[in-house]
Amino acid sequence: MKGLCIELLHNSRLVGIGSTEAFSYRFQRKNHQAFFSFPKVIVSSASFSQRCLPTVSPVVTEVEEKKTFDSESAGLLVKELRKSFNSGRTKSYEWRMLQLSNIARMLDEKEEDIVEALYKDLSKPELETFISEISTAKSSCKEALEGLKQWMIPQKVKTSFATFPSSAEIVSEPLGVVLVISTWNFPFLLSIDPVIGAISAGNAVVLKPSEIAPATSSLLAQLVEEYLDSSAVKVVEGAVPETTALLEQKWDKILYTGSARVGRIVMAAAAKHLTPVILELGGKSPAIVDSYVDLQVAVRRIIAGKWALNNGQACIGVDYIITTKDFAPKLIDALKEGLEQFFGKDPMNSKDISRIVSLTQFARLVKLLEEDRVSDKIVLGGQTDEKQLKIAPTILLDIPEDTQIMNEEIFGPLMPIVTVEKIEGSFDVIKSRPKPLAVYVFTSDEQLKKSFVENISSGGMLINDTVLHVAVAGLPFGGVGESGMGSYHGKFSFDGFSHKKSVMYRSLSGDSSLRYPPYTPEKQKLFKAALSVSIHCSSTKVHVLIPCLSFLLVKAFGLL
Amino acid sequence: METAEEVQKAVFDSREAAAMVEELRGSYRSGKTRSYEWRVSQLKKLEKITEFHEQEIVEALRSDLSKPETESFVQEIGMLKSACKLAIKNLKSWMKPATAKTSMTTFPSSAEIVSEPLGVVLVISAWNYPFLLSLDPVVGAIAAGNAVVLKPSELAPATSSLLAKLLGEYMDSSSVRVVEGAVAETSALLEQKWDKICYTGNGRVGRIVMASAAKHLTPVLLELGGKCPVVVDFGINLQVASRRIIAGKWGCNNGQACVSPDHIITTKEFASKLVDALKSELDNFYGKNPLQSKDLSRIVNSNHYDRLTKLLDEDKVSGKVIHGGERDKSNLRIAPTILLDVPQDSLIMQEEIFGPLLPIITVDKIEDSFELITSGTKPLAAYLFTNNQKLKDYFVRNVSAGGLLINDTTLHLTVPTLPFGGVGESGMGAYHGKFSFEAFSHKKAVVYRGFFGDAAVRYPPYTKGKLTILKALVGGSLLGIIRALFGWSKA
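Protein sequences appear in the order of chains B and S. Note that the numbering used here has the first sequence beginning at 1210, numbered continuously upward. Note that the numbering used here has the second sequence beginning at 29, numbered continuously upward.
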């Protein structure tokens, strides 16, 4: 695992969005309180070298901590949680409900603190915080509170002729002790939402918030300690060393939100313990704009899903637009107009737009923008302010495909527009890239909608809007291919942290010797006959009839 | 001069594997595997294989494992046939998008979950049920519309080459392939990028498969094994119970099955009765000389034979044999063997037995058995024989395993409405029936909206008024919503 840590450090390039991209942003955190039950593993506050450019390993200096959170501490932590889990406490409906209602109460009581932490970490506008973090967490919690009883009920299933008489059910049971590694862009929601799932399924859980959103991270540590059962729900703050120490342990499930690069590391670490993973990654989510649309509405929704969504720093944010050559000028005009309406003439000073999270990310975005064949394609915006970590909403037209900006997830306020001759040409553009987390299609053409749904693979797809599909609790949220594996939200969260145990009940009466050796030719014949009939028939009547018939046959042959 | 076959074997390296995947990806991209028609036609061909080649399959299994014909028919061919029929019959409804409810936040809208194929998938199969465990996942992969490569186990060579021949003959070779081979070929395959890997086998290789999959972010379905316990309570119909235990142990490939009973746990008092019943039923089933019985599979190869005899010959174990123990190395046969009270730290109690040895562990009270089970790793299956309803309830609530079966063994996996899969050390993911279709599908969330009814409340500039409206809306009170609706129309 030391190897893993070293690998992480060496690869700490400026790409990606994972929780381990932290190294270069200077921050200090005080150990204002012990959120562990054993004080010696209080997580270190660390200070990283600020100017961490590609391939330069950061120097980790330990400041004011008693002991670093190393593999041994992580081992002890897991052991403690496993003990709580084995006691059976977390399995009870009552425990789960209590924790969930405590989370709901926390969301009500600490709204202001959350808004403040997110403002510190990202200058996130209050309304954005309210919509995309707090209220989403609230509804997720509410849904679990309302649905849990139903979710926990074993699901009865039909049994087949071959096992007559019998009954069967699928029982959802907790997996054990699970790990949630969260990220910095929606540092509150993407931490608490999986925890809600893990708790509703009856697991003990450790949350590792992102160190790149330090205010939210320490708030979460404090709130979890204050509101939840600390023998079964813990927060471990920290960066790469702490994450590495955690990943060395045996977990029963790991949910990671972040970049594909770190996702691979997480899955490889999980493989050592045969731990299943949910990986919520990102990708270049395109918005396709057909000419047959209500342009004003389309543009507002695109802006809402890009700049009004943490200023593009969202895994489901619009990464780039594909439209036709003919339609592009109209679309650009509408975007310009919409942006001005939303953020004013001077977007650098708008309070309604988040800043770039860190200097590392800022430098990465500026580099994308300054690449040779990119910098002259800017049709709007392009202003940057390193001091305030702000970049204006920027639109670029017709950038070559082989540029950096077209080959990595942008994760910021830059929006390239790719033009194609006919809108159907967008299929090739999307299919030539890894599968994205979301695809947005703006069109009133039913045929085109259908064609997208049938032919384009992505985590999710939203027709005529952006981002909102993740607010539909009846839908699984998760990626496919490079955008991740597994899903959650609503009942899918419960399922994601449960094992579906098959349970079948038989009685000891009505045993037929047909299935036992010695295998005589008569038995074989009967078996084949019975099996072929049973395969062909499936109505419930036959279900009863056939066993009776074969029972008689068996009797007749004197095999019982 | 090398023969053609040797040449072919020599070249299946990473480059060859990459070329094959590229070819399959080409056919997948063409979209042909997505159509309902293609999927059904391929499933029907698999079904035809089971119908027209039953005898060849039985022969191959006899050659690989001396598997009795009835076992081959019931547990391999019959199971596959049912899987095909079920998939063919239900595919249309499986493929239909499932509509999902939408919420206030996205009103007006509609939503559905669309099942789409993952792409090009790899199935790595095992030697113990070399026919079923190869083609059953393939049924799922095809039903879900994927291109698929099957790597059968080299330890069952006759079945492996039969599968290569039959699939080559029947299936659409642009999208369904068989790669025969051992470690080298498997490694070459594992280097490639797949969209899903289904592996059946052991935990050690499972870890290797998952670690290779991690490099490409490929999701995995791992069907592993574990020590499946049978808890036997007193006061039950012993004859039926012991027959069902025997059927699940020796009647399932002579214990070489991932869901076979690995060991029995019973009370000290009851053990001797149980042993007597097992002995007498074993006699009924396999006669006085089981080494000669045609109704028992042999041990697959000399490696496994040696492994099993090593378990049996361990110092603290060899004295515990109370039934059987006979062996015949030249025919790779070991008689059904029962051991009583072997120590927990013996090798036989530490690893999955996967053969005809059945240790019986005794406890003072039957409730003590749960502690024994939960202290170990999670098995693929756990069995309980009892008439005591409370004990059943307790077992179902507290024992974690891939699946549980009360008062019988192994039969739960013939029920297609139940997912078949492990948890923890016994694996991840599940298949069978519709679960096979789902295991090889991506559930794409799709939401449809119109352009009308756009509300400015969600857009910047963010005013205090907008925040109030949204909070009221989220708060969900009737008054709040009415107010919000007014605000909505004004905004």
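Source of the hints: derived by calculation from the structure; they are not laboratory data. Please read these numbers as outputs of a predicted model, since none were measured by experiment. Hints may contain errors.
[Said to hold, decoys possible] Okay, the calculated beta carbon distance ranges per label pair:
(1) B:G1284 with S:S308: 47 to 53 Å
(2) B:Q1656 with S:A210: 46 to 52 Å
(3) B:G1356 with S:R425: 16 to 22 Å
(4) S:N329 with B:T1729: 48 to 54 Å
(5) B:Q1364 with S:K357: 45 to 51 Å
Think of the CB as a built atom: it goes at the ideal place given N, C-alpha and C, for glycine as much as any other residue.
We went through each hint and held it up to the structure:
no. : hint                            : result
1   : B:G1284 with S:S308: 47 to 53 Å : 50 Å, holds
2   : B:Q1656 with S:A210: 46 to 52 Å : 50 Å, holds
3   : B:G1356 with S:R425: 16 to 22 Å : 21 Å, holds
4   : S:N329 with B:T1729: 48 to 54 Å : 29 Å, violated
5   : B:Q1364 with S:K357: 45 to 51 Å : 49 Å, holds
The structure fails to meet hint 4 from the earlier list, while all remaining hints are met.
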